[in-house]
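J.: Protein sequences, first through last, are from chains L and R.
Under this note's numbering, the first residue of the first sequence is numbered 1, with each subsequent residue one higher.
Under this note's numbering, the first residue of the second sequence is numbered 1001, with each subsequent residue one higher.
Any given hint could be a false lead.
As the list claims (entries may be wrong) - Each computed DMTMM-like pair below joins lysine to aspartate or glutamate, with the alpha-carbon atoms no more than 25 Å apart:
#, chain 1, residue 1, chain 2, residue 2
1, R, Lys1089, L, Asp553
2, R, Lys1089, L, Asp55
3, R, Lys1009, L, Asp820
4, R, Lys1051, L, Glu515
5, L, Lys835, R, Asp1040
6, R, Lys1039, L, Asp383
7, L, Lys30, L, Asp55
8, L, Lys326, L, Glu339
9, L, Lys583, L, Glu830
10, L, Lys508, L, Asp101
11, L, Lys459, L, Glu582
12, R, Lys1041, L, Glu515
13, R, Lys1030, L, Glu761
14, L, Lys58, R, Asp1076
15, R, Lys1051, L, Asp514
16, R, Lys1030, L, Glu307
17, R, Lys1064, L, Glu131
18, L, Lys621, L, Glu515
19, R, Lys1037, L, Glu36
20, R, Lys1009, L, Asp322
21, L, Lys183, L, Glu122
22, R, Lys1064, L, Glu49
23, L, Lys468, L, Glu68
24, R, Lys1089, R, Glu1115
25, R, Lys1037, L, Glu817
26, R, Lys1113, L, Glu131
27, R, Lys1064, L, Glu612
28, R, Lys1064, R, Asp1040
29, R, Lys1064, L, Asp553
30, L, Lys57, L, Asp232
31, L, Lys459, L, Asp553
32, R, Lys1064, L, Asp514
33, L, Lys19, L, Glu307
34, R, Lys1024, R, Asp1105
35, R, Lys1051, L, Asp55
36, L, Lys147, L, Asp132
What the hints assert, rightly or not - Partial pick of chain L residues on the chain R-facing surface, computed with a CB cut under 7 Å:
#, residue
37, Glu527
38, Ser554
39, Asn822
No lab work stands behind these hints: they were computed from the structure.
Quick caveat, the model's predicted, so the values are computed rather than measured.
Note that the Cβ used here is the ideal one computed from N, Cα and C, for glycine as well.
The primary structure of each chain is shown beneath.
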Amino acid sequence: MKSVLVIGNGMVGYKFCEKFVANQVDGNYKLTVFGEEPRPAYDRVHLSEFFENQDAKKLELAPRNWYEENKIELITGERVSAIQRDLKKIQTSSGKEYTYDYLVLATGSLPFVPPIDGVNKEGVFVYRTIEDLEGMLAYAGKLKQEKPEAKAAVLGGGLLGLEAAKAVMDMGLEPHVVEFAPKLMPRQLDNRGSNVLKLKLESLGINIHLNKATSKILGNGSIEGMQFGEDDALETDMLVISAGIRPRDELAKSCNLEMGTRGGIVVNNKMQTSDPSIFAIGEVALYNQMIYGLVAPGYEMADIAVEQIIGDPDKQMTEDIDMSTKLKLIGVDVASFGEPFMPAEKGHSILFENKTKHLYKRINVSHDGQKLLGGILIGDASDYNMLHQIYLNGMDLPENVEDLILGARSGGESSFGSAMSLPDTAQICSCENVLKQDICGGLLEGKTCNLKDVMAETKAATGCGGCKPMVTELVNETLKSLGQEVKETICEHFEYTRQELYGILKVKKVHTFDEALEACGKGHGCEVCKPLIASILASLYNDTANKEEVIQDSNDKFLANIQRNGTYSVVPRIPGGEITPEKLIVIGEVAKEYDLYTKITGGQRIDLFGAELHQLPAIWKTLIDAGFESGHAYGKSLRTVKSCVGSTWCRYGMDESVSFAIELEDRYKGLRSPHKLKGGVSGCIRECAEARGKDFGVIAVEGGWNLYVCGNGGATPKHALLLAEQIDNETCIKYLDRFLMYYIRTAAPLMRTAAWLDKLEGGIEQLKQVVVNDSLNIADELEQEMEQLVDAYECEWKQIVEDEQLQGRFKHFINSEDSDDNLVFVPMREQKMPKAW
Amino acid sequence: MDVLTSAYKTVKESEVNVWFEVAKAEDFPKDGGVCVKYKDKQIAVYNFTRKGTWYACQNVCPHKMEMVLSRGMIGDENGIPKVACPMHKKTFSLETGENLNGDLDAIAMYPVKVENNIVYIGFSE
Ligand code: SRM
Ligand SMILES: Cc1cc2nc3c(=O)[nH]c(=O)nc-3n(C[C@H](O)[C@H](O)[C@H](O)COP(=O)(O)OP(=O)(O)OC[C@H]3O[C@@H](n4cnc5c(N)ncnc54)[C@H](O)[C@@H]3O)c2cc1C
Ligand code: SF4
Ligand code: FES
């Protein structure tokens, strides 16, 4: 049996193993992998996600037992310290020796740390491994305790530096980026692009310092600042160095393989080093005089090396490596592809810049206007995938080339066509080199039948994930072309969409979760399908969450929102935001009695935080006795109908917005829906109730109300669209009944109305047809269903308060009257808050 | 923070020295959980009626150290019975305590027996 040793278990070293396993047929090779890091290879590209969940396992490329199952010996936490080429032998730091027939160097690179005076001070970090991130987190945590306004600087304004800046900002530190060059991302952006990006980052709170040559790290033991020129300095409590990479070529150097003048192991187009039995791949390999700091070329190198050993030795590495990149920084879109700068002799550039919106787009086009040569997108990179494809495949450009960045300005059609119009050989996933034909072919031949299959089979979209929208589109369109509908089933227990399940439960008159499982499910359910079915049952019969408490989502189960320390919040309904002084006093008294943190919410009502589980029934009893009802702040159900003061007081008011808001809130309170619902009523077009930012919004105009639907604030804000104009109260309610019921019947789980409308074929025009013109002939049915739900309304907190048995679930212990002694509060301003984790 | 979880160690049936009497079986919600106080410990107990089995584990979630697991929802995944924490939906096997959707430490599990309709949890001390 021949022995193949791989030094380095990083992203590329792992990819080598994966491809080796996939190609090996006869089992004649024994693969042994050495990794210096303590854990198996992980996804460095998504390293920053570690800050979100500190879940190293999530980043793992394959679990340890994958190596075992594939008969690969994985030795982690062990550095290879020497290579003896004459004996074909290597030695590890603990003195073990292994011989090889083939040796693969995949040792990657190290962050480059410039030789600045004081760079060894405490608080200076690099950004490469999970251990680096753990160190940063611990240090930042300590800093924050000592100094709430601590600052963190990042040295280097490249791709990685900006990612690091976002990370330190998320840790709650004041971020500063220090760059030597006069622009950001100097390798990818032109000056204009850099200027726009700088404005955008500054608007997000990231401070940018260009043209700064750091001469010294200041501080006594730990870092306190950075010195630039003579009297130019920046105070900072932490520093992350992200000033480029240096290949880890020390092993190769010591055994005299051919090296580049500035480092890196020289390889040919078969990834062979100057010793034909030794290969180098990934960030340590110098190919075409270049080190490529990206995974995609590394993965291709891994593939070529595998082919050399056990496949087709004629296969060669691509000549021109595509260096296109899209920044993953959340909150800023930045992408550059092909040739971003382009000298004038090669072609012309078309530029679009709008600094007020932080937008900059540049495309470089050949002189004859036929081919796309490259470009830069800042502020909106939604067209990156398509432009990148046009560039890669040398596709013909539209007649008005500027449409590519400005959008077609007549008709509203996209100037691109869909991903289906790409040639079969278009490379869709560059990390894994997956072509369009690989994705669509498997589906057409029936080898794969959904996105998950396609991703597992072709590995498309499993690398950086940037191509996922395009892969999804290709899968969906191909399935559609086969006459199949694309369905998103709920979970392993119910192989239906929410809409299908809604229909089944309704027709079969299912009333409990067990009946649902029996009717169309399997297994025992889970945290995904249980609350979903609870929501459908509530929408069908308006049973309250007390009916079957064990299938309710955690907040519905206790009819309150759980807070970060396990206590709950209390939000009584205050319809339309109108409240009497008497009721205000009751809220104040309750808050005082139970020592609750009190705040006016963004929804025009009052939230009382920090109630313990066992206190909830008593608190609600007082509130209900005073005439309050549940505010359903915990449910996927109607929250508030916000109002402005309207014509009763306001000199501009056209109608009584408060009265109508109260009427609507009372009508739809308790209505369970796929996601939460919010409404607003404004007395005139000045729109003080922000009605167009709601799922339904009503605005008084001359001659009646205008009804808008499908808006929201939140993560993806959308303005509501006009559904009907100048209608009276009665018509408005009729349309709302139809609209809401139609949404409840057909939306996917946790889909707000705006996202639902996006998916609805025909969009708002189709919705008008259904709701206003009754094109589906279901309007009567929808209205009746809503009427039944309205009639069936009961306050679920009232049910609890009146029924001692139902109060049982609010005890912390089943066998003791004690409360949770684990809770700790600390004072804040004149109130309190939970002690931080 | 680790002090909170370090007090909880899985107890095997064979290691039980005390069978602590908790309550009548019908006091437990069907297919739901409750919290039990034993000395200074908080134990979550689930009556997995659909499977006809009972499970007990530490109440503290190893994710953010909150005493909340008894308020989680139970179910199964590929046949493994599990509980989902109500805070951030981390799931744990009710057979081994293992964290199924992450690499948090496993939670400690305790044996449960029901005799003459009374529910007992087993402790080693
Ligand atoms: C209390 C409040 C913040 C405040 O102090 O003002 C709040 C608090 C929470 N919001 Fe909100 N939102 C509050 C008004 C809003 C608003 C403003 C509004 O309603 O006009 C919005 C934007 C408008 C909108 O929804 O379109 C808002 C958009 C969100 C979102 C994003 C929804 C989206 O579609 O993107 C979430 C997350 C979700 O629901 O998935 C959210 C989720 C939450 C949760 C439930 C998060 C959680 O699971 O713990 C918070 C519960 C706190 C609690 O225990 O009560 N909250 N939240 C506000 C309660 C209003 C009320 O009286 O009921
Ligand atoms: C935060 C971050 C974000 C990134 N984002 C992107 C992105 O968006 N897109 C993109 O294409 N690329 C990105 N990259 C770059 C990408 O991660 C690298 O190109 C890729 O990891 C290179 O893989 P590699 O296997 O060559 O090196 P590595 O992943 O560094 O692996 C080398 C491994 O070898 C080990 N090793 C070294 N010497 C020895 C020895 N003597 N004995 C034993 N083991 C040894 C090292 O410990 C290391 O584990 C990012 C990198 C970082 C750090
Ligand atoms: S925006 Fe809403 S969800 Fe986010 S922290 Fe504030 S209250 Fe919580
Ligand atoms: S506290 Fe349990 S999942 Fe976060």
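J.: Any hints from earlier that this structure breaks? Give me their numbers in increasing order, please.
T.: Violated: hints 6, 7, 10, 11, 12, 13, 16, 18, 19, 20, 21, 23, 24, 26, 30, 31, 32, 34, 35.
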